[in-house]
Amino acid sequence: MGRKIGLRPGPGLRADFLFGLVLVALGIAVAFESWHMPRLTELGVHPMTAPGLVPGLLGLVTALLGGILTTRSARTGDDSIAGVVGSDSRNLSRQAGRFALTLVLCLAYAVVLVGRVEFALATGLFVFSFIVLFEWNSERDFSGHVRAVVFASVEAVIVAALVTVVFERIFLVRLP
Amino acid sequence: MADGLGYFFAALGGFLAPATLFNIGWATLLGMTVGMLPGLTATLGVALLTTLTFRMGASDAILILVCMYVGAIYGGSRSAILLNIPGTPANAASALDGFPLARAGRAGEALGLATVGSFCGSFIGMLMLALVAPVLAEFALKFGSTEFFWLAVFGIVISGRLTSVDDPLKGWIAGVLGLLVAMVGQEGIHAYQRFSYGSTDLAGGFGLLPALVGAFGFAEVLQVMKNLKYETVRGASDRILPRLREVAQRTRTIVRSGLIGTFMGLLPGVGEDMGAWASYAAARRASKTPEEYGKGSLEGLIASETGNNAAVPGAIIPVLTLAVPGSAPAAVLLAAMFIHGVRPGPLIMIEFPSFIFEVVAMVFVASVAILVLGLLLTRPLLLVLRVSREKLMPVVFVLCTVGSFAIASRVFDIRVMLGFGILGFFLREMKYPMAPFVLGIVLGDILDKNFRRGMVLSDGSLEPFFTRPISAVLATITIGVIVLAIPPVRRLIGSLVRRIPFGRSNP
Amino acid sequence: MKNFLIAALATTVFAVPAVAGDYPWKPDKPITIIVPWGAGGATDQVTRVTAGVLEDELGQNVVVVNQPGASGSIGKKNAWEAPRDGYTWAAGAPKQLGTYKLLGQWDTWIDNWRLYNTVTNVPLVSVNPSSPYKDMGQLLKAMAEKEIAVATAGAGSSGHAAIEGIKSVTGIKYKHVTYDGGNPAVIATVGGETEVTTQLASEQAEMVRGGRLRPLAVLASQPLEIEGYGTVPPITDYIDKPLPILSTAFGIFIPKEGTPEEVIETFNMIWEKAIPNSKALKDYALQKGALFTPVYGDEARDKVWPEIQSDAWSFHAAGRAKISPEELGIPKP
Numbered sequence: 014m015g016r017k018i019g020l021r022p023g024p025g026l027r028a029d030f031l032f033g034l035v036l037v038a039l040g041i042a043v044a045f046e047s048w049h050m051p052r053l054t055e056l057g058v059h060p061m062t063a064p065g066l067v068p069g070l071l072g073l074v075t076a077l078l079g080g081i082l083t084t085r086s087a088r089t090g091d092d093s094i095a096g097v098v099g100s101d102s103r104n105l106s107r108q109a110g111r112f113a114l115t116l117v118l119c120l121a122y123a124v125v126l127v128g129r130v131e132f133a134l135a136t137g138l139f140v141f142s143f144i145v146l147f148e149w150n151s152e153r154d155f156s157g158h159v160r161a162v163v164f165a166s167v168e169a170v171i172v173a174a175l176v177t178v179v180f181e182r183i184f185l186v187r188l189p
Numbered sequence: 003m004a005d006g007l008g009y010f011f012a013a014l015g016g017f018l019a020p021a022t023l024f025n026i027g028w029a030t031l032l033g034m035t036v037g038m039l040p041g042l043t044a045t046l047g048v049a050l051l052t053t054l055t056f057r058m059g060a061s062d063a064i065l066i067l068v069c070m071y072v073g074a075i076y077g078g079s080r081s082a083i084l085l086n087i088p089g090t091p092a093n094a095a096s097a098l099d100g101f102p103l104a105r106a107g108r109a110g111e112a113l114g115l116a117t118v119g120s121f122c123g124s125f126i127g128m129l130m131l132a133l134v135a136p137v138l139a140e141f142a143l144k145f146g147s148t149e150f151f152w153l154a155v156f157g158i159v160i161s162g163r164l165t166s167v168d169d170p171l172k173g174w175i176a177g178v179l180g181l182l183v184a185m186v187g188q189e190g191i192h193a194y195q196r197f198s199y200g201s202t203d204l205a206g207g208f209g210l211l212p213a214l215v216g217a218f219g220f221a222e223v224l225q226v227m228k229n230l231k232y233e234t235v236r237g238a239s240d241r242i243l244p245r246l247r248e249v250a251q252r253t254r255t256i257v258r259s260g261l262i263g264t265f266m267g268l269l270p271g272v273g274e275d276m277g278a279w280a281s282y283a284a285a286r287r288a289s290k291t292p293e294e295y296g297k298g299s300l301e302g303l304i305a306s307e308t309g310n311n312a313a314v315p316g317a318i319i320p321v322l323t324l325a326v327p328g329s330a331p332a333a334v335l336l337a338a339m340f341i342h343g344v345r346p347g348p349l350i351m352i353e354f355p356s357f358i359f360e361v362v363a364m365v366f367v368a369s370v371a372i373l374v375l376g377l378l379l380t381r382p383l384l385l386v387l388r389v390s391r392e393k394l395m396p397v398v399f400v401l402c403t404v405g406s407f408a409i410a411s412r413v414f415d416i417r418v419m420l421g422f423g424i425l426g427f428f429l430r431e432m433k434y435p436m437a438p439f440v441l442g443i444v445l446g447d448i449l450d451k452n453f454r455r456g457m458v459l460s461d462g463s464l465e466p467f468f469t470r471p472i473s474a475v476l477a478t479i480t481i482g483v484i485v486l487a488i489p490p491v492r493r494l495i496g497s498l499v500r501r502i503p504f505g506r507s508n509p
Numbered sequence: 004m005k006n007f008l009i010a011a012l013a014t015t016v017f018a019v020p021a022v023a024g025d026y027p028w029k030p031d032k033p034i035t036i037i038v039p040w041g042a043g044g045a046t047d048q049v050t051r052v053t054a055g056v057l058e059d060e061l062g063q064n065v066v067v068v069n070q071p072g073a074s075g076s077i078g079k080k081n082a083w084e085a086p087r088d089g090y091t092w093a094a095g096a097p098k099q100l101g102t103y104k105l106l107g108q109w110d111t112w113i114d115n116w117r118l119y120n121t122v123t124n125v126p127l128v129s130v131n132p133s134s135p136y137k138d139m140g141q142l143l144k145a146m147a148e149k150e151i152a153v154a155t156a157g158a159g160s161s162g163h164a165a166i167e168g169i170k171s172v173t174g175i176k177y178k179h180v181t182y183d184g185g186n187p188a189v190i191a192t193v194g195g196e197t198e199v200t201t202q203l204a205s206e207q208a209e210m211v212r213g214g215r216l217r218p219l220a221v222l223a224s225q226p227l228e229i230e231g232y233g234t235v236p237p238i239t240d241y242i243d244k245p246l247p248i249l250s251t252a253f254g255i256f257i258p259k260e261g262t263p264e265e266v267i268e269t270f271n272m273i274w275e276k277a278i279p280n281s282k283a284l285k286d287y288a289l290q291k292g293a294l295f296t297p298v299y300g301d302e303a304r305d306k307v308w309p310e311i312q313s314d315a316w317s318f319h320a321a322g323r324a325k326i327s328p329e330e331l332g333i334p335k336p
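Protein chains in written order, with this note's numbering: chain A, 14 to 189; chain B, 3 to 509; chain C, 4 to 336.
Some clues are possibly wrong.
[As the list claims (entries may be wrong)] According to the in silico footprint, chain A covers these stretches of chain B (three or more CB under 8 Å from chain A):
1) 122 to 136
2) 179 to 190
3) 222 to 232
4) 396 to 404
5) 442 to 454
[Claimed, not checked] Below are the DSS-like pairs computed for lysine-lysine, each with C-alpha atoms no more than 30 Å apart in a straight line:
6) 144/C to 144/B
7) 178/C to 144/C
8) 178/C to 144/B
9) 176/C to 259/C
10) 144/C to 244/C
11) 259/C to 29/C
12) 306/C to 325/C
13) 335/C to 244/C
14) 137/C to 144/B
15) 259/C to 178/C
16) 144/B to 149/C
17) 178/C to 104/C
18) 393/B to 297/B
19) 170/C to 29/C
20) 144/B to 176/C
[What the hints assert, rightly or not] So the derived label-pair ranges between C-beta atoms look like this:
21) 233/C to 8/B: 28 to 38 Å
22) 106/B to 174/A: 28 to 38 Å
23) 110/A to 106/B: 24 to 34 Å
24) 302/C to 174/A: 42 to 52 Å
25) 413/B to 146/A: 22 to 32 Å
26) 54/A to 244/C: 43 to 53 Å
Simulated from the structure, these hints should not be mistaken for laboratory data. The C-beta atom is built at its ideal place from N, Cα and C for all residues, glycine as well.
Turn these sequences into a full structure, and let the hints guide you.
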């Protein structure tokens, strides 16, 4: 979804600059942890098989790449925050709202419902609420609402049944 | 060779029985379904059918498994094109061009061409299997630790370069992050638990599939739902059957990708994923229109689909001639052959002379099956594009959840999927491509073990990494790709190129 | 098209044998065997053959699921945590059940499981055919003088235990090069990256038959017959000191506690008759250079015990044991 943005972002929005710093920190932390991993030399193993060797090197590479990213961002001032293009703050908050709703619904399903409630029921509930909540349109009249809800229920039942049957019966997979 | 042809036609004739055709049909369809669903992979499909075909005769059972394998690798392209969610890791490169094509209302064309590409890939791989299997397998034996190390680095570097054309730095950061993710958990040499801090779940490491399903699937759901606008693609009623001329024009790309794919398939652990990436990279390099790549290039799509499907017969080659699988699904196939009393290995030409050609015939029917069934099924699949996102995305998410759980029945894997989905979403918002990230998770282990093994064999010297012939070639290409992407170097080369004629005219 | 698919699937999924043996337990849904290693490996192969025999006997699908990770402990743990209804089994080398606790990986113990063994694999010392060593004596002599690269499937693998066992009695030197599994280790030796491999005979059988590896000695006290090659002399022909036990039994197992009596009874009956007479398993063993050793229950436990002793004390000697084997009641062999 990458679009080149026209507006020059303020210092608070410098994703690249900050993420570069995060990478430097992550890389150094990884390298530090790797350095302190046991070398297992007491087991008489070859020193080149030390478990920390490759993660340590990767940590350094991460820090290096992060450093380049930060430096570049600081030098050019060019930065990338996708999705800000042509959108005023109202649109931005609407997007954040939609994102939050999706996240909450998905987490509620995958973390809370699945495993506690019968799988087919959990799935049905999730599909139903997802459709209804996202399709909610206050301009619709009563019968429009009814139609939307009925449609959502039908889809929820079909999906729940189909997924359960296909995975359990055909792919012989255990469902959570 | 005449013998071979005889065996081939005899086997082919045997497959024409109605019962066998029926088996071919359902096995391929099931394979395509497995491939399309993120989380279910070719390995799972083949392993599942191995158990279910236990009581069948050897040739029927192995035929079904081959159809499943070919079908699954092909099927992954469907969801990559339609939903931007590669069904198997091998199809990540196909999403790069396939999805933009679908968004532009050319989904039918893309699906059709990918089908033809897959068919051609399997076909070229099959020819190699029939003609030069023993030679190729011997060549694969020359790949030692240093070569595998370079192959892993090469994979990350080209995938990072190709998925983030304007800004390779971000592609490489994504790739290195993927490699770091692969470092979590028990490492493969001393079983030391890295970065797991006492957690048994972390000690097992992050599963590739949950991470893949999260980074592609869940992140895509979040992304699609976040956007204020979403257009269902209505005018997708373009033609599906590619014109012969279109395919013929791309003969070079197809043949090149087929050969690269077959070769990558030979190498254990690298298989289909690298088959697609290396073919895609080579096609872009040779292309007259490299700027279209990643924006909806038919050539790029056909290259990656030909590449990953050619890797299937490629992976079967060492199974037959060395009893060494070139990929995880091929490993299951090997086990199935043993179970059915066929003993692949160096003596196969002596002990079971007809068997290689029977397998060739199986790959052939499987390729025809994906071509026919794939093209027939394209039209109904296009309906997916017409479903509104409110109705489609919850289903995708349900499949993501089941898919990440299905592999190991671990609740932890669902959490991993969610975590990588959210991480993937933010990385994508900052324009980091997901494909090198996932490839990094695939290749991290290979890179780690082969680097350390190479260092043990050389007693800590880096020399063999640059002096062994195949390593030297891989190292040169890899370093070349990196160096050429550094802006100052590009400018320097640019100015050198401009200066040379000037220098000549001025003695 | 859809109906066609469903019909096709229905015929496969439900195509279970109509005739099943007369057993007290009649499973009404597919049975799962968890292979805690990757698909295609030694455990996977023998388990799939075993699953076929079980399907015929029980008249029910037996699904083999691969759940690799953490030295096979993740998959076994899942079998341990599954409902105790007889429908979830684990496969692998039962000796590991006796050493997880020792290694600090998992708090489980051999006596918590009911064992059903199938085959026993033995390690084999082989060299690349282009290497100068024609017999084990020459190799041992060379290894006493210089470090030769030995390929194994990693620390704690059968191959590693084998070369360590030889080292412990002869004092040879070697360079330990580890691979992702037995097969890759064998291939590295075939390809010439390493000179020697000490992996299981079953993992080398094809290459030995094809003349791509030269087998020098089997780590057992009697010679090994490999179909299509001939006989490999035992290591005891070259070393006269007693070697640790290096064979590895394979099989399937289930938690003892909570598993219904009729399930145990049924599997006892199968291991009494059907398994010892299974042609598929017998052929598998002969082709793979493995010993066919079908035993179950206490007898199986007694067979596995010396393997546990041997492993436990060699882990202890290598400094990998988190607690002393004596604390677990494992006496020195």
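Here's how the hints hold up against the structure:
no. : hint                       : verdict
1   : 122 to 136                 : violated (count 0)
2   : 179 to 190                 : holds (count 5)
3   : 222 to 232                 : holds (count 7)
4   : 396 to 404                 : holds (count 7)
5   : 442 to 454                 : holds (count 4)
6   : 144/C to 144/B             : holds, 29 Å
7   : 178/C to 144/C             : holds, 15 Å
8   : 178/C to 144/B             : holds, 21 Å
9   : 176/C to 259/C             : violated, 43 Å
10  : 144/C to 244/C             : holds, 16 Å
11  : 259/C to 29/C              : holds, 19 Å
12  : 306/C to 325/C             : holds, 25 Å
13  : 335/C to 244/C             : holds, 17 Å
14  : 137/C to 144/B             : holds, 24 Å
15  : 259/C to 178/C             : violated, 42 Å
16  : 144/B to 149/C             : holds, 25 Å
17  : 178/C to 104/C             : holds, 29 Å
18  : 393/B to 297/B             : holds, 27 Å
19  : 170/C to 29/C              : violated, 50 Å
20  : 144/B to 176/C             : holds, 27 Å
21  : 233/C to 8/B: 28 to 38 Å   : holds, 33 Å
22  : 106/B to 174/A: 28 to 38 Å : holds, 35 Å
23  : 110/A to 106/B: 24 to 34 Å : holds, 29 Å
24  : 302/C to 174/A: 42 to 52 Å : holds, 48 Å
25  : 413/B to 146/A: 22 to 32 Å : holds, 26 Å
26  : 54/A to 244/C: 43 to 53 Å  : violated, 29 Å
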